[in-house]
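Participant: Chains as they are written, first to last, in my numbering: chain A, 12 to 343; chain B, 12 to 343.
Just to be clear, a hint being listed does not mean it is correct.
Pairs involving identical chains hold if they fit within one copy or between any two copies, as the list cannot separate such chains.
To be verified - List time: in silico DMTMM-like cross-link candidates among lysine to aspartate or glutamate, alpha-carbon distance up to 25 Å: (1) 82 <-> 292; (2) 164 <-> 307; (3) 116 <-> 286; (4) 85 <-> 292; (5) 305 <-> 216.
These aren't lab readings, by the way, just hints derived from the structure by calculation.
2 protein chains.
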Amino acid sequence: MPQIKLSLDEVDALARAAFRKVGCDEANASALTRTVWRAERDGAKSHGLFRVPALVAALASGKANKTATPKITKRAGVVLQVDGDQGYAPTSHDVGLPELIEVAKTHGMAGLAIRDVFHFAALWPEVETICDAGLVGYAMTASPPYMAMPGGKRRVFGTNPIAWGWPRNEGAPVIYDMATAHSARGEVMMAARDGHDVPLGAGIDADGNPTTDPAKILEGAQLPFGGYKGAALALMVDLMAGPMIGEKTSLGIEAADDGVGPALGGQTIFAFNPEMFGGADAMVGGEALFADLKSDPGVRLPGDRRAAVRPTTPTDGVEIPASLHEAIQGLT
Amino acid sequence: MPQIKLSLDEVDALARAAFRKVGCDEANASALTRTVWRAERDGAKSHGLFRVPALVAALASGKANKTATPKITKRAGVVLQVDGDQGYAPTSHDVGLPELIEVAKTHGMAGLAIRDVFHFAALWPEVETICDAGLVGYAMTASPPYMAMPGGKRRVFGTNPIAWGWPRNEGAPVIYDMATAHSARGEVMMAARDGHDVPLGAGIDADGNPTTDPAKILEGAQLPFGGYKGAALALMVDLMAGPMIGEKTSLGIEAADDGVGPALGGQTIFAFNPEMFGGADAMVGGEALFADLKSDPGVRLPGDRRAAVRPTTPTDGVEIPASLHEAIQGLT
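The shape of chain A in the complex, shown without the other chains (with noise of 0.2 Å):
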């Protein structure tokens, strides 16, 4: 496949054209694009310029609201609603998260409910913003169900991914940012295109039926991380993110949903301050784990792969097939 060198700019420029041109006010365009240049500056493809073609046709097709203007609808003690106006979820974002890091700074925690929008993208953007105000940021978001419960047959619910970050004086911030899913839906895809096996435990056939065959667990449900304990967390998304905000759960998504494209829904968002709970020298007992569990060889912190690529795009750029860069400048 042809590849095409582009620099971070030039990233910039070619997603920001693209929201432009489908008619994307700047306030969307904007948070869009800069979503899309965090992927690529980090080198997590999967959520960078790849995400453009679909996240243009969901605009295009009037489902995602090209110039959505979140509102702070309700500040209830030290929790913010967001009314995300049916549009993607950074806009929301730049409208939540200041004030949710401005409460958690003064009060010591904060929660950000933001209702009605499409999430298309990965968590730890929006957590690294908390992070890099001194804060632990928090994050979960249900989608509309892949998964069954173990012991289940039916999809019950989405891959419904949680993010937590811890802030670093220096550097990127630790972030870890997973599916409660075994395994990302593309993974299941890609290896049913290719006629790969998946491992054991990543799905269930239509019958309920442990298997590898990915065209398989398509037809039937992919399973949670690590058994009944990652069906637990992927519950606890389901309602955090969804009642406990007055939002959908990953069925009531699907159940409101026309199937083309993403699907509306919530996310939950909290900021902690560790300097209120006690932890004046939080950063300080931080970096010292950290140089602990580096000393073991072969140890990985969460967020490292995209902390090692990080320096390095600003000035090398990034590469993606020729055949993207053209789609996305025909898009209209």
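Since the structure of chain A is already known, use the hints to place chain B on it.
Facilitator: Relative to the frame of chain A, chain B by itself:
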């Protein structure tokens, strides 16, 4: 092994007498007794009367404070800090949870940073106390290291459990309470004693090689559940129940401890008020999801086993080994 049957009142009296005899004041004896009693009531035998001899030993040695008087030492925004006075954690829960619940009800969410305690029990009892007030509860604690990171050889994390619970209008709340380790330490020890293998993934030998031999894992290290994802959760617990609240990490707990009996550390507990997050009908949404999940035969919700036992023990009583009954009666 000959068994003896006890009523729940007799469970209370047996435990209470042992804690009083070793010198606990009323507050500490009551808090410990209630924790043991709740475990027996729910059939959670490994956290019931079985634990009393070890609890009493640490009190008798003077390591755990028989007359701990935990105090709320700081109120900062929606965060409470409790100094556990080197007692067992349940005495600190009695002091901190009522105000945590009050703050979360008023302000939407709240955090409780408990320092300088011995956490010997399951985490679901304190989460259940929060759920019984109509709130979502979340708790975590670190412990001396038994577990390596994937790719590493050294023990760096305790079994670092997390518990989370969702309130219900009727019946027991839905609560998961999970070690972030693949297996409970006790399971590995019992397998070693009985000469059984453990599943691959439970741990590594001293050279870092995967093994199913529990004796080699006890010399080496346990592993997290679900590979690097479980390790990320263990890391989160280590930081949020450690440096975030001015407490020690798993490695720090080990460094400060004499290695005999329980080890001093911290616990972090959160409470969330769904009504203020926007979920005025949160309980309705939760019940609908639980009903949906249960419609798939074979699916169990977290805590189902405890919830099934709970209604039976008030009439049927509980059984414990006669030797344990005798041992507890003989404690001084």
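Participant: State for each hint whether it applies.
Facilitator: Checked hints:
When the C-alpha separation of residue 82 and residue 292 is checked against a cutoff of 25 Å, the pair qualifies only between copies, where the shortest distance is 22 Å, while the shortest distance within a copy is 36 Å. With identical chains, the CA atoms of residue 164 and residue 307 are at most 25 Å apart between copies only, with a shortest distance of 7 Å across copies and 41 Å within one. Taking the shortest Cα distances, residue 116 and residue 286 sit within 25 Å of each other both inside one copy (9 Å) and across copies (23 Å). In this assembly of identical chains, the alpha carbons of residue 85 and residue 292 lie at most 25 Å apart only when taken from different copies (17 Å versus 34 Å within one copy).
For a Cα distance limit of 25 Å, the shortest separation of residue 305 from residue 216 across copies, 20 Å, qualifies, whereas the shortest one inside one copy, 40 Å, does not.
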